[in-house]
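In order, the protein sequence lines correspond to chains Z and X.
My numbering numbers the first residue of the first sequence as 1 and each following residue consecutively.
My numbering numbers the first residue of the second sequence as 280 and each following residue consecutively.
Note that these hints are calculated values from the structure, not bench results.
Note that beta-carbon positions come from the ideal geometry of N, C-alpha and C, so glycine has one too.
Don't take every hint at face value.
Derived Cβ-Cβ restraints for the label pairs, each shown as a range [what the hints assert, rightly or not]:
id, chain 1, residue 1, chain 2, residue 2, range
1, Z, Pro2, X, Ala723, 40 to 50 Å
2, X, Leu553, Z, Ser82, 43 to 53 Å
3, X, Val658, Z, Val192, 45 to 55 Å
4, X, Leu553, Z, Glu10, 27 to 37 Å
5, X, Glu379, Z, Met255, 41 to 51 Å
6, X, Ser300, Z, Ser82, 37 to 47 Å
7, Z, Ala124, X, Glu703, 24 to 34 Å
8, Z, Ala124, X, Glu601, 55 to 65 Å
9, X, Met686, Z, Met255, 22 to 32 Å
Chain Z is nowhere near these chain X residues, computed Cβ spacing over 12 Å in every case [what the hints assert, rightly or not]:
id, residue
10, Thr416
11, Ile447
12, Ala459
13, Asp483
14, Lys500
15, Gly535
16, Pro603
17, Glu741
18, Arg744
Straight-line Cα separation of at most 27 Å, DSSO-like style, residue types lysine-lysine; simulated pairs [unchecked claim]:
id, chain 1, residue 1, chain 2, residue 2
19, X, Lys709, Z, Lys28
20, X, Lys363, Z, Lys272
21, X, Lys301, X, Lys475
22, Z, Lys127, Z, Lys162
23, X, Lys613, X, Lys301
24, Z, Lys235, X, Lys563
25, X, Lys709, X, Lys613
26, Z, Lys127, Z, Lys147
27, X, Lys296, X, Lys709
28, X, Lys301, X, Lys329
29, Z, Lys207, Z, Lys235
30, X, Lys446, X, Lys709
31, Z, Lys98, Z, Lys207
32, X, Lys613, Z, Lys272
33, X, Lys550, Z, Lys272
Read off the chains here:
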Amino acid sequence: MPFTILKKQELVPTLHRMDIAAPRVAEKAMPGQFVILRIDECGERIPLTIADFDAADGTVTLIFQEIGKTTCQLASLGAGDSIADLAGPLGCASTIEKFGTVVCVGGGVGIAPIFPIARGLMEAGNKVISIIGARSADILFWEERMKEASSELYVTTDDGTKGHHGFVTDIVQNVIESGEQVDRVIAIGPPVMMRAVAGVTKPFGIKTVVSLNPIMVDGTGMCGACRVLVGGVTKFACVDGPEFDAHEVDFTLLMSRLAMYLPEEREALDYKAAEDPAV
Amino acid sequence: MKIKTESKPEKRSKMAKQSPSKRRSNFEEVALGYNRYEAVAEANRCLNCKKPPCIEGCPVGVDIPRFIRQIAEEDFDSAVLTLKSTNSLPAICGRVCPQETQCEAVCVLGKGGKGDPIAIGGLERFVADYEMEEGVTIPDLPSPTGRRVAVVGAGPAGLTAAAELAKIGHSVTVFESLHAAGGVLVYGIPEFRLPKSIVAAEVDFIRRLGVDMRMNSVIGKIGTVDELLRDYDAVFLGTGAGLPSFLGIDGENLNGVYSANEFLTRVNLMKAYLFPEFDTPVKKGRRTIVVGGGNVAMDSARCALRLGAGEVTIVYRRGEDELPARAEEVLNAKEEGIIFRLLTNPIRILGDGNNWVTGMECVNMELCEPDESGRCRPVPVPDTEHIIPADVVVIAIGTSPNPLVSMTTPDLEIAGYGTIVADETGATSKPGVFAGGDIVTGSATVISAMGAGKVAAKAIDEYVRGLSGYENLLNIT
Ligand SMILES: Cc1cc2nc3c(=O)[nH]c(=O)nc-3n(C[C@H](O)[C@H](O)[C@H](O)COP(=O)(O)OP(=O)(O)OC[C@H]3O[C@@H](n4cnc5c(N)ncnc54)[C@H](O)[C@@H]3O)c2cc1C
Ligand SMILES: Cc1cc2nc3c(=O)[nH]c(=O)nc-3n(C[C@H](O)[C@H](O)[C@H](O)COP(=O)(O)OP(=O)(O)OC[C@H]3O[C@@H](n4cnc5c(N)ncnc54)[C@H](O)[C@@H]3O)c2cc1C
Ligand code: SF4
Ligand code: SF4
Ligand code: FES
């Protein structure tokens, strides 16, 4: 049974929001979980985080960046279209408890998955200090939503077009050094950003959690494509994660595994361009 | 016109195959099946034994002499009915059953090495393919019983249980985590051994029995077994043994190292051999090493070859006689040019500075006294370490049960290795919950999983009939 797209919106250039009718998934979804979707019979299975969900409406919200064949094709679809498959909610939910003060860091498209976690942590009675960053102001999104889901919100841009001119890690460092008692840090974004955040919090011994995004196929623990090294032990991110202790993660391995199909990804895009010059 | 055979030949009718040089570069079926003349000739060799041992060799007890006689009489329609009365997936079993250790192993014609046993599998395939060509007929279904059964997993065990229960009139819903039904039949066993159109046709048949198939439904995530028990009178678990094992040696996380499950899933379920027409990529190695000696290893090696690897090597730590794969598939692999490095064990996988696999260090082994399993325990031969170059490595050393269901069903009794404990009827420690197939036995065979699904369907039927209110339900409908 296909899954219907109810709403589609380009939040900022090449970054899209899509609301999809998936009542069973919406009913069970928890912050931190993801879905695996496949657009059509020829499609690849790709994981996307559940950025929001509404059990009453039976919808899940996905935010995705156009970076390759599948995400570009997804971006070409609109309200009323449908996709063949959507499985979820997958992965373990974020641990949402009253920790005290939690710093939530979202970088780039990582702002989307950090949002339901920040909101959940607020509802659980934490002080939530959120830091969101992007390369530039024109590709920053969900600032308002994040403001509502946080006690304090900081914005950074690499080029200084908005907020702090620099990286999210600068603010993490500042917050910690300001004397604020930080009980937990959660960081979601590009692997380089997550590694940098882990580097900042480690000397202070602050428990830091990151959400890893290795290449996946089934998302149910059946293939091992998503294996990551955490504390020297191989884990399957789709069932054991996607969240792990940032100080234990082997980011170098993660990054090199993410680059495994670069030539094939280019080939897929070229093939698509040749087939459908409009895209 | 009847086809005449003079005397009973000792040699079986040969089944045509694609030539090795041709098939090593395509994914089309290797064995081409009997035509009706070959089938009838082969059927005519059967002695129609009074006490046929072959039936006992079949885990589901197919009435072998009867369907073979019907082929000999060219009454193929009756042969279909005979087969289908005990085996709901004959087109699949005819192709992938390890007949040489089951039905054909005990055929009297093969005894004493005098002649060839009847090609029971080949004949079974012939009948099933005949039916598919003629158009499958859906049996008349009894009126609904009003009882609802949930089946988790659409592999051979779950599909068989679902079909049997639907034929009785129970309302059946199948929950499958992947986007396609078939289990290992669609994600593991390659197209050239079992065309996916055949699995799809069998699945379609089960759908037409009224079974509601829900894909993309991961039980343990979208709902637990306890939640299913609120909506259904009974639950059958056929979730298989899908968790891949790794060797635990250095270098296993290098780029280019796959579990057989991932490699085969990319190639078969996701059709990576048709990339970029299909979106999912797979690394086409120039030199591929496959570690293991079972069906899964043979399938991986033969897929790698068809993807275009110039050199494919199977590394297996025991000897030729210990290879657990089907004899026919080992032969096929050899004909296709797969290199077998037997009595060889991996020590570590080597990589370059960019985290890419470059080869594997191995050591020669020799067999010593048999271990608990009765097989000879291999031990390393000192000073025989050597390196086999490779750019793709596939680890095919086995799988263990998928834990998602057991993890979320605390009161389900689990044995060592994570299998679900079930009695001979499939009943588990949890009332109303039944299980069968690889999830109970660990990796086994298609036909044994089907057998378990069938036995459990019977037990489930008795169970739901025994539930209070059953007679009332019957009166309403
Ligand atoms: C748990 C998880 C949650 C994710 N959540 C989001 C999200 O909310 N929004 C978002 O924009 N992206 C998310 N991603 C990343 C997203 O899955 C990839 O961007 C997408 O698969 C790219 O596919 P493509 O065909 O467009 O690009 P490709 O050209 O195929 O790949 C581009 C890059 O994406 C990565 N990638 C490729 N295939 C896969 C795959 N099957 N699984 C994972 N990564 C892959 C690789 O690093 C690759 O280099 C998530 C990934 C994971 C594992
Ligand atoms: C590559 C390969 C080759 C083989 N070759 C042969 C052969 O030639 N002959 C032979 O007889 N046997 C062969 N086998 C073994 C045979 O395929 C298996 O024994 C058989 O498929 C087991 O059937 P099953 O129904 O128990 O499980 P499976 O076929 O594994 O099916 C289980 C299904 O359950 C689904 N599932 C798992 N967890 C969940 C969940 N939580 N929620 C919903 N669904 C779930 C899975 O996605 C899967 O579709 C082979 C196996 C492999 C891997
Ligand atoms: S089902 Fe398998 S074992 Fe039984 S008769 Fe057919 S081929 Fe032989
Ligand atoms: S044992 Fe062989 S010869 Fe005898 S009935 Fe069975 S198939 Fe025929
Ligand atoms: S994606 Fe296959 S095991 Fe995680």
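Status of each hint after checking the structure:
no.: 1; hint: Z/Pro2 / X/Ala723: 40 to 50 Å; verdict: violated (35 Å)
no.: 2; hint: X/Leu553 / Z/Ser82: 43 to 53 Å; verdict: violated (23 Å)
no.: 3; hint: X/Val658 / Z/Val192: 45 to 55 Å; verdict: holds (47 Å)
no.: 4; hint: X/Leu553 / Z/Glu10: 27 to 37 Å; verdict: holds (32 Å)
no.: 5; hint: X/Glu379 / Z/Met255: 41 to 51 Å; verdict: holds (48 Å)
no.: 6; hint: X/Ser300 / Z/Ser82: 37 to 47 Å; verdict: holds (45 Å)
no.: 7; hint: Z/Ala124 / X/Glu703: 24 to 34 Å; verdict: violated (49 Å)
no.: 8; hint: Z/Ala124 / X/Glu601: 55 to 65 Å; verdict: holds (57 Å)
no.: 9; hint: X/Met686 / Z/Met255: 22 to 32 Å; verdict: holds (30 Å)
no.: 10; hint: Thr416; verdict: holds (27 Å)
no.: 11; hint: Ile447; verdict: holds (26 Å)
no.: 12; hint: Ala459; verdict: violated (9 Å)
no.: 13; hint: Asp483; verdict: holds (16 Å)
no.: 14; hint: Lys500; verdict: violated (6 Å)
no.: 15; hint: Gly535; verdict: violated (8 Å)
no.: 16; hint: Pro603; verdict: holds (21 Å)
no.: 17; hint: Glu741; verdict: holds (31 Å)
no.: 18; hint: Arg744; verdict: holds (30 Å)
no.: 19; hint: X/Lys709 / Z/Lys28; verdict: holds (24 Å)
no.: 20; hint: X/Lys363 / Z/Lys272; verdict: violated (45 Å)
no.: 21; hint: X/Lys301 / X/Lys475; verdict: holds (20 Å)
no.: 22; hint: Z/Lys127 / Z/Lys162; verdict: holds (24 Å)
no.: 23; hint: X/Lys613 / X/Lys301; verdict: holds (14 Å)
no.: 24; hint: Z/Lys235 / X/Lys563; verdict: holds (25 Å)
no.: 25; hint: X/Lys709 / X/Lys613; verdict: violated (47 Å)
no.: 26; hint: Z/Lys127 / Z/Lys147; verdict: holds (13 Å)
no.: 27; hint: X/Lys296 / X/Lys709; verdict: violated (48 Å)
no.: 28; hint: X/Lys301 / X/Lys329; verdict: violated (43 Å)
no.: 29; hint: Z/Lys207 / Z/Lys235; verdict: holds (19 Å)
no.: 30; hint: X/Lys446 / X/Lys709; verdict: holds (25 Å)
no.: 31; hint: Z/Lys98 / Z/Lys207; verdict: holds (14 Å)
no.: 32; hint: X/Lys613 / Z/Lys272; verdict: violated (38 Å)
no.: 33; hint: X/Lys550 / Z/Lys272; verdict: holds (17 Å)
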